[in-house]
Structure formats: structure tokens, C-alpha cells
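Now for the letters of each chain:
2 protein chains.
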Amino acid sequence: MSDRSEREAGRSFMPKFDDKGLLSAVVVHHETRDVLMVAFMDVEALNATRETGVAHFHSRSRGKLWKKGESSGNILKVHEILVDCDQDAFVLSCTPAGPTCHTGARSCFYRVLQDDALEPVKT
Amino acid sequence: MSDRSEREAGRSFMPKFDDKGLLSAVVVHHETRDVLMVAFMDVEALNATRETGVAHFHSRSRGKLWKKGESSGNILKVHEILVDCDQDAFVLSCTPAGPTCHTGARSCFYRVLQDDALEPVKT
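Quick note, the sequences are listed as chains A and L, same order. Heads up: the first sequence is residues 1 to 123, going by my numbering. Heads up: the second sequence is residues 1 to 123, going by my numbering.
Any given hint might turn out to be false.
If several chains are the same, the list does not tell them apart, and a pair holds so long as it fits within one copy or across any two.
Claimed, not checked - Derived pair list, reagent style SDA-like, types lysine to any residue, alpha-carbon separation capped at 25 Å:
1. Lys122 x Cys101
2. Lys122 x Ser12
3. Lys16 x Val112
4. Lys20 x Thr95
5. Lys20 x Val121
6. Lys20 x Glu70
7. Lys122 x Arg62
8. Lys20 x His30
9. Lys67 x Glu44
10. Lys67 x His30
11. Lys16 x Gln114
12. Lys122 x Ser61
13. Lys67 x His79
14. Lys20 x Asp116
15. Lys16 x Ala105
16. Lys77 x Asp34
Hints are computed from structural coordinates only; laboratory data are not their basis. All of these numbers come straight from a predicted model, not from anything done at the bench.
With the rest of the complex left out, here is chain A:
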């Protein structure tokens, strides 16, 4: 198989990082399935996540490895990593230890766009 068909149809884990060495990671709640946050992973964050079972990302603003919850304690325990067709995006199905958002919200997605303004999501 070509690299592309192996990547799309095969069993080989061949994560595809972009020109900055990153891929997309979407965190969903393992039980409610709500989308909790979206971030980026580099190879270091991916390895740390797989080794520890706790979600790690690459902080683009700080330019370094970011263990989610390292200061707040609100870690994300990873149950499953789903991989998309071209292996440049993952869904991490997680159990959060507390609110995922740094604002204290359960999810970072606490607003919905209505016309030209943001409104709180009904929960």
C-alpha cells in the first residue's frame, strides 16, 4: 500500500504532524460526550499522554509541553484516542477531574453564536 492508503485504511499508527509539528486534539467527555476543549499536540505531548494516560498538549502561546491540570489539578484521564482518516486529528475521550476550562466552566464551549453575538449555552 502507498503511504497514503496505509495511513487511511491500515492499522499502522502514523500520526501526521503539520509544518509546525502539531496535530489537532479534541477532548470529549467520556460519559456525556460533550466537547470539552480543543488543543494541539506535538510528538512530545502525544508520547507523554500515551505514557501517563493523562492528557498533555503543546501550548502554542508558551511554546512548551502542557500537562492539562498541572496547576489547577483538573487533569483529564484518557480512556480512548480516536484517530481520523489522515491521522492529523485525534479525539481524546476523557474523564475530567474538575472543570476543564480555565474560566471554571465545565467545557470551554459555554457560548453559542446567535446572529452576531454570543449567548450562554443552555445546560
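Starting from the known structure of chain A, arrange chain L on it as the hints suggest.
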């Protein structure tokens, strides 16, 4: 309020594009809530999505506006756009007209990482 606190806590829609003019867009199925795909939007894709109610993205590989389903017909009708805390990621809650993945799969996330290999997701 500062720009940051208005962006995080306010009602103003202030999408935050990165240094390539992109932000992350996660598509979830409006009814099943499965994550269907992850892509990027630039301001052109965001405007086209809001104007038409059909999901548009920015294709990084082709470097241009990408109406999802423009060749396959498998468009995504957008019901809601959720916006995250720092407004650099959206969740699009959509009704798909057909399989979302170009492989014919319902979702691009049809494999799960188990140990070092990918296995089909049970559906």
C-alpha cells in the same frame, strides 16, 4: 473590560485567528453528537458558513476555500456554532447529507488507538 476578558466572558464575537489566519473547527452530528471531522477555518470560510448555513473550511493542502461536499454532495447543514473561551476554536453542530469522510465512513474517526495499532471503532 480588556480585550481578553471581553473575549472570554463577553457577548462580543471576536474570533481569534492564528498567525496563518486559521482557527479550529470541530464538526459534531446534531443528533448523535458524534465527532464527524476536524478542520480549519479562515475568515472567508467563516463568513461563507454563516452566510449559507452550510459548512465551509479552509483547505490547508489546496490553500483555498473548501465547501465541504462540493464534489460529493455530502454537505453539512449547520445548526449551531459553539465558541470556546478564547474564541480560537468552534464546534459546528451539523446535519450531514451523507457520509462525512471522503473514505465513505460516517465519521472521519473510524479507528481507535489500541497499544501501537489502530482498530476499527465499534459502531
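Here is what the structure says about each hint:
In this assembly of identical chains, the alpha carbons of Lys122 and Cys101 lie at most 25 Å apart only when taken from the same copy (17 Å versus 30 Å across copies). For a Cα distance limit of 25 Å, the shortest separation of Lys122 from Ser12 across copies, 18 Å, qualifies, whereas the shortest one inside one copy, 41 Å, does not. Proximity of Lys16 to Val112 under the C-alpha cut-off of 25 Å is restricted to the inter-copy arrangement: shortest distance 15 Å between copies versus 31 Å within a copy. Taking the shortest alpha-carbon separations for Lys20 and Thr95, neither the intra-copy value of 29 Å nor the inter-copy value of 32 Å comes in at or below 25 Å.
Within a single copy, Lys20 and Val121 get their C-alpha atoms no closer than 33 Å, and across copies no closer than 29 Å, so neither meets the 25 Å cut-off. Proximity of Lys20 and Glu70 under a CA criterion of 25 Å is satisfied intra-copy only: 24 Å inside one chain copy versus 29 Å between copies. Proximity of Lys122 and Arg62 under a CA criterion of 25 Å is satisfied in neither setting, with 32 Å inside one chain copy and 38 Å between copies. In this assembly of identical chains, Lys20 and His30 lie within 25 Å of each other by CA distance neither inside one copy nor across copies; the values are 29 Å within and 32 Å between.
With identical chains, the CA atoms of Lys67 and Glu44 are at most 25 Å apart within one copy only, with a shortest distance of 11 Å there and 34 Å across copies. Taking identical chains as interchangeable, the C-alpha atoms of Lys67 and His30 lie at most 25 Å apart only when both belong to the same chain, with a minimum of 19 Å there against 31 Å between chains. When the C-alpha separation of Lys16 and Gln114 is checked against a cutoff of 25 Å, the pair qualifies only between copies, where the shortest distance is 17 Å, while the shortest distance within a copy is 35 Å. Taking identical chains as interchangeable, the C-alpha atoms of Lys122 and Ser61 are never at most 25 Å apart, the minima being 30 Å within one chain and 37 Å between chains.
With identical chains, the CA atoms of Lys67 and His79 are at most 25 Å apart within one copy only, with a shortest distance of 16 Å there and 33 Å across copies. In this assembly of identical chains, Lys20 and Asp116 lie within 25 Å of each other by CA distance solely across copies; the values are 24 Å between and 33 Å within a copy. Taking the closest pair of Cα atoms, Lys16 and Ala105 come within 25 Å of each other only across two copies (20 Å); inside a single copy the shortest separation is 31 Å, beyond that limit. In this assembly of identical chains, Lys77 and Asp34 lie within 25 Å of each other by CA distance both inside one copy and across copies; the values are 15 Å within and 20 Å between.
Consistency with the previously given hints fails for numbers 4, 5, 7, 8, 12, ordered from lowest to highest.
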